[in-house]
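My request is simple: use the sequences and hints to build the entire structure.
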Amino acid sequence: MSQAELAQKARMHLQSIGKIESGKTTRLNSKSSAGLSKALQVLEEYLDAACKGIPITAVQQLKICPRCWTPGTEAEAMWLHPHSKFCFACGTDSDRCRSCNEAIVSLKFRFCPYCGTTYKVTK
Numbered sequence: 001m002s003q004a005e006l007a008q009k010a011r012m013h014l015q016s017i018g019k020i021e022s023g024k025t026t027r028l029n030s031k032s033s034a035g036l037s038k039a040l041q042v043l044e045e046y047l048d049a050a051c052k053g054i055p056i057t058a059v060q061q062l063k064i065c066p067r068c069w070t071p072g073t074e075a076e077a078m079w080l081h082p083h084s085k086f087c088f089a090c091g092t093d094s095d096r097c098r099s100c101n102e103a104i105v106s107l108k109f110r111f112c113p114y115c116g117t118t119y120k121v122t123k
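Following the UniProt record's numbering, the numbering of the sequence shown begins with 1 at its first residue and continues without gaps.
No wet-lab data here; the hints were simulated from the structure. Hints may contain errors.
Stated by the list, open to error - Distance ranges between label pairs, derived from CB positions:
id: 1; residue 1: LYS24; residue 2: LYS120; range: 39 to 47 Å
id: 2; residue 1: THR26; residue 2: GLU102; range: 33 to 41 Å
id: 3; residue 1: PRO55; residue 2: THR122; range: 39 to 47 Å
id: 4; residue 1: GLY18; residue 2: THR117; range: 40 to 48 Å
id: 5; residue 1: MET78; residue 2: GLY23; range: 26 to 34 Å
id: 6; residue 1: LYS120; residue 2: THR26; range: 21 to 29 Å
id: 7; residue 1: THR122; residue 2: LYS19; range: 43 to 51 Å
id: 8; residue 1: TYR114; residue 2: PRO55; range: 28 to 36 Å
id: 9; residue 1: ASN101; residue 2: GLN3; range: 35 to 43 Å
id: 10; residue 1: LYS24; residue 2: THR122; range: 47 to 55 Å
id: 11; residue 1: GLN8; residue 2: ASN101; range: 33 to 41 Å
id: 12; residue 1: SER30; residue 2: THR122; range: 34 to 42 Å
id: 13; residue 1: MET1; residue 2: PRO71; range: 31 to 39 Å
Note that beta-carbon positions come from the ideal geometry of N, C-alpha and C, so glycine has one too.
Pasting the structure below:
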């Protein structure tokens with residue numbers, strides 16, 4: 001992804017992205033942090049740790065609610081939180097394919113790349 005694409009997705013100025021990348025910016029405001037986390041699909045806590053130079057020990061797993069999530073759209077921020085175990089709306093739990101139990105690797109696709117099962121559960 002280019003700086004221009006990232007700036008557009010994060011709704012930030014291109015010059016701000018350049019300053020972050022070159023290390024001239026060491027603190028992100030909440031709007032920038034939220035925009036970058038959505039654009040890069042990572043937690044805001046990870047961006048803060050990267051800015052501060054703190055090592056990240058937790059591994060991020062993509063989590064979706066197979067009932068509430070619309071394939072091809074961004075996951076709700078609450079689903080991606082490391083302490084989130086269930087959907088905040090319906091209580092469903094899922095961070096893995098329900099068929100082959102492999103971790104969800106991307107929010108771009110509607111189907112599991114390993115077994116071909118759809119992520120979306122029909123009601």
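Quick check: which numbered hints come out false for this structure? Violated hints (numbers, rising): 6, 13; every other hint is consistent with the structure.
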